[in-house]
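Asker: Take the sequences, apply the hints, and build the full model.
Here the sequence shown is numbered in UniProt numbering, starting from 1 and rising by one per residue.
Just so you know, the hints here were simulated from the structure itself, not pulled from any lab data.
A virtual CB, placed ideally from N, CA and C, is assigned to each residue, including glycine.
Misleading hints may appear alongside valid ones.
[Unchecked claim] Derived lysine to aspartate or glutamate pairs resembling EDC-like cross-links, with alpha carbons at most 16 Å apart:
| hint | residue 1 | residue 2 |
| --- | --- | --- |
| 1 | LYS66 | ASP88 |
| 2 | LYS186 | ASP125 |
| 3 | LYS100 | ASP41 |
| 4 | LYS62 | ASP88 |
| 5 | LYS96 | ASP169 |
| 6 | LYS24 | ASP41 |
| 7 | LYS123 | GLU148 |
| 8 | LYS24 | GLU201 |
| 9 | LYS100 | ASP169 |
| 10 | LYS121 | GLU148 |
| 11 | LYS24 | GLU12 |
[As the list claims (entries may be wrong)] Cβ-Cβ distance ranges computed for the label pairs, FRET-style:
| hint | residue 1 | residue 2 | range |
| --- | --- | --- | --- |
| 12 | THR18 | LYS128 | 42 to 48 Å |
| 13 | PRO47 | ASP92 | 23 to 29 Å |
| 14 | ARG14 | LYS128 | 40 to 46 Å |
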Amino acid sequence: MVAALGREKQTERRCILTRETLPKERMVRFVLSPDDQLVPDVAEKLPGRGLWIQADRDLIEKALEKGALFSAASRALKQKVSAQQVGDDMLDVLEKLLRKRVMDRLGLEQRAGNVMTGFDKIKADLGKSGAKKPVLLLHASDGSEDGERKMRSTIGLEVRICRIFNRDDLSCALGKDNVVHAIVYKSGGADVLLADLGRLEGIGRNTADED
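Answerer: Next up, the structure:
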């Protein structure tokens, strides 16, 4: 999971399933919608009493199978929450929302000048005096392993690497063609991106990246 970063790194919530108190960056908020359905609130802005669950797909799936999620949600919201109020596709919907949120944030960081793409451009930019600090390398899942090794030697092993998205995903998010590599520089927005990426890692079916 992504480590808690940014201005809200000290903010914690209790997971209704594990009863652990964890940084918000490792959790997802849920609320009851106006039609009485339990829905994810990935932006943490929906009105109403909410509850928090650790961003762990296996944990949530097991809680759904055993019915533990419904009883825990009922206690947290102080009203009965039944299986009919939780969609069968809740986790898939959550994954799509998180994926879109990460892609949208990546586009915002691009427009803010906090993203650089292309091996040669990245290498040149990092070689400048007073270069900004990279905090994330996005390597296309359909990119070559050799290209990744070259990027790692350029940016350093301490920079986080993400391989969740393919070339089309990265190209669409950044408004460029054939994006294989992109680095994100440290900023407040990058902190938000890393937090949402961590949630996506925990909820996604086939996500894989490294620190």
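Asker: The structure should be examined with respect to each hint, and the outcome stated for every one.
Answerer: A quick look at each hint next to the structure:
For the proposed pair LYS66 and ASP88, the alpha carbon gap of about 14 Å is at most 16 Å, so the pair holds. The straight-line distance between the Cα atoms of LYS186 and ASP125 is roughly 14 Å, inside the 16 Å bound, and the hint therefore holds. Restraint check for LYS100 and ASP41: the C-alpha separation of about 13 Å stays at or below 16 Å, so the hint holds. Taken as a hint, the LYS62 and ASP88 pair is honoured in the structure, with Cα atoms around 13 Å apart against an allowance of 16 Å.
Under the criterion of a C-alpha separation no larger than 16 Å, the hint pairing LYS96 with ASP169 is consistent with the structure, at around 13 Å. A hinted pair counts as satisfied when its Cα atoms are at most 16 Å apart, and LYS24 with ASP41 qualifies at roughly 12 Å. Proximity of LYS123 to GLU148 is assessed by CA-CA distance (about 13 Å); at most 16 Å being required, the pair is judged to hold. For the hint linking LYS24 to GLU201, the alpha-carbon distance of about 15 Å falls within 16 Å, and the restraint holds.
This hinted pair checks out: LYS100 and ASP169 have alpha carbons roughly 10 Å apart, not beyond 16 Å. Straight-line distance between C-alpha atoms of LYS121 and GLU148 comes to about 15 Å, which keeps the hinted pair within the 16 Å bound. For the proposed pair LYS24 and GLU12, the alpha carbon gap of about 5 Å is at most 16 Å, so the pair holds. The given range of 42 to 48 Å is respected by THR18 and LYS128, whose C-beta atoms sit roughly 45 Å from each other.
Hint check: PRO47 to ASP92, Cβ distance near 24 Å, so the stated range 23 to 29 Å holds. The beta-carbon spacing between ARG14 and LYS128, approximately 45 Å, falls within the hinted interval of 40 to 46 Å.
Every hint, counting from the list given before, is met by this structure.
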